[in-house]
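Residue strings, one per chain:
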Amino acid sequence: MSLFREAAKQIFRKPATVKYPFEPGIVPPGLRGRPVWDMEKCVLCVLCQNACPTAAIKMIPKGPDAGIEYHLDKCIFCAECADACPRKAITMTTNFELADTSRSNMVQHYKKPQKAQAQTQTQTQTQAAKAGT
Amino acid sequence: MSYGTTIKVPFGPQHPALKEPEYFLFEVDGDIVVKVTPRIGYVHRGVEKAFEQETYLHNLYLAERICGICSHAHSTCYTQTIEGLIPLEIPPRAVYIRLIMAELERLHSHSLWVGIAAHEAGFDTLFMYLWRDREMIMDLMEEISGNRVTHAINTIGGVRRDITSEQATKIKKFLEKFESNVKEYTKVLESEQTFIKRTKDVGVLKPRDAIVLCAVGPTLRASGIKSDVRADDPYLAYGEIPFNVITHDGCDVYARTIVRCEEMIESANIIRYALDHLPEGKIKVPPPRTIAPNESVGRVEAPRGELIHYARSNGTNKPERYKVRAPTLGNLASVCQTLIGAHVADIPLILAGIDPCFSCMDRVIITKKSV
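Note that the protein sequences, when read in sequence, are chains A and B.
Going by this note's numbering, the first residue of the first sequence is number 1, and it counts up by one from there.
Going by this note's numbering, the first residue of the second sequence is number 1, and it counts up by one from there.
Isolated chain A (complex conformation):
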């Protein structure tokens, strides 16, 4: 009987199951995993926020926190934001190991790099360096 032959063959074969947590999970290159924003390209145009079906993206237009607030716990990985982005600032990575025990870790802020902010940062860095010497 054929099932018996199949079972006999299987003795010498590798198991069909992937021993995932002990072995790396192999995913195809096109997998829609966690989206990542490139804030150098982002122009804060709100299109990704409007495209998101689950309201996982919140844009902060002004102020020192200006940028994108991304809620991983709401995201359904549909890549609609990546399709909507006119500057191609959003890429879907193949990262799928996204579990966490805390909800606060699920929110990520992508800040828009501002010239003023960059200057103040460099100033404080130089001051710190001076103080250190």
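Simulated from the structure, these hints should not be mistaken for lab results.
Heads up, a few of these hints could be off.
[Stated by the list, open to error] With the C-beta cut set under 7 Å, the calculated list includes, among others, these residues of chain A facing chain B:
id: 1; residue: P15
id: 2; residue: A16
id: 3; residue: L31
id: 4; residue: P53
Remember, it's a predicted structure, so these values are computed and weren't measured experimentally.
Glycine included, C-beta positions come from ideal geometry on N, C-alpha and C.
For chain A, the structure is supplied; the task is to place chain B on it using the hints.
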């Protein structure tokens, strides 16, 4: 033999034989079921109301989440309905890509079901082999679309991802292996006495009853009635592709198994034909944001049977009314009929025989005041 009195046996909503919460009240006379009262609505999720709150593009992802197994069938039906509202003609390449995904989904859904039927009949070896092969389909779909279950390949006006030539050769190579495996399994099912004794003449649904009780899909075709939306009302490119509608005269669970096995072979042929005749060109056309007042109905042959979506637009970017009729609702009346006269031990097998998906089905609860 009759005992004269009947005993009421509640089954569910939480029961080891049912994977989803659904309640059936069986009246049994000894070991024989004499009356079945189903009670649906345990997994009512308010999907139809939610459709009215969101835009047409956002609803696409909601439609996809109505069912976990036939997510592509639901999203195809949704896009078809909305494209009927606009109306919008989608590029031929997009049509073929949708079709290939739909048939791949049918392969994985049917192999899942035949595995479950084998498991319910106590033939776990076959269950393991079928589910091993199913995993290959899931990997293939993941590679094409970017996700195993919620493929998100459909969009209003076409598809979001193209099938490359490497993927096409990979699918063809896989189909060869899968087809020979399925033929082997069918041979095993046809010759295995334990399986035949467990499923033959179990859950008999006469052709007349099947029509009267509005059975759909493989359940209807296993009662010898040639009915398939793909052939009767061709959508996508089914009108251009030659294929057979599989029927069986057995009317029992065994016939339902064989129909599904043969449909898998037929689906493999459809995919092969579609890949060979894949038209060149665009995969997407931009849809309008708002839709003028209109009404539209979409019909799709989901792996479980006929799936109907209805939409009404009112000139805004949100639908005014959306209605989903999942295939399990059509099959529920027929399964209650087939359960009458069955042994208690056959209940899980007969219930599994319609490939139930109760959470797809639960739409409306009608509460009676006097019960």
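Violating hint indices (sorted, rising): 1
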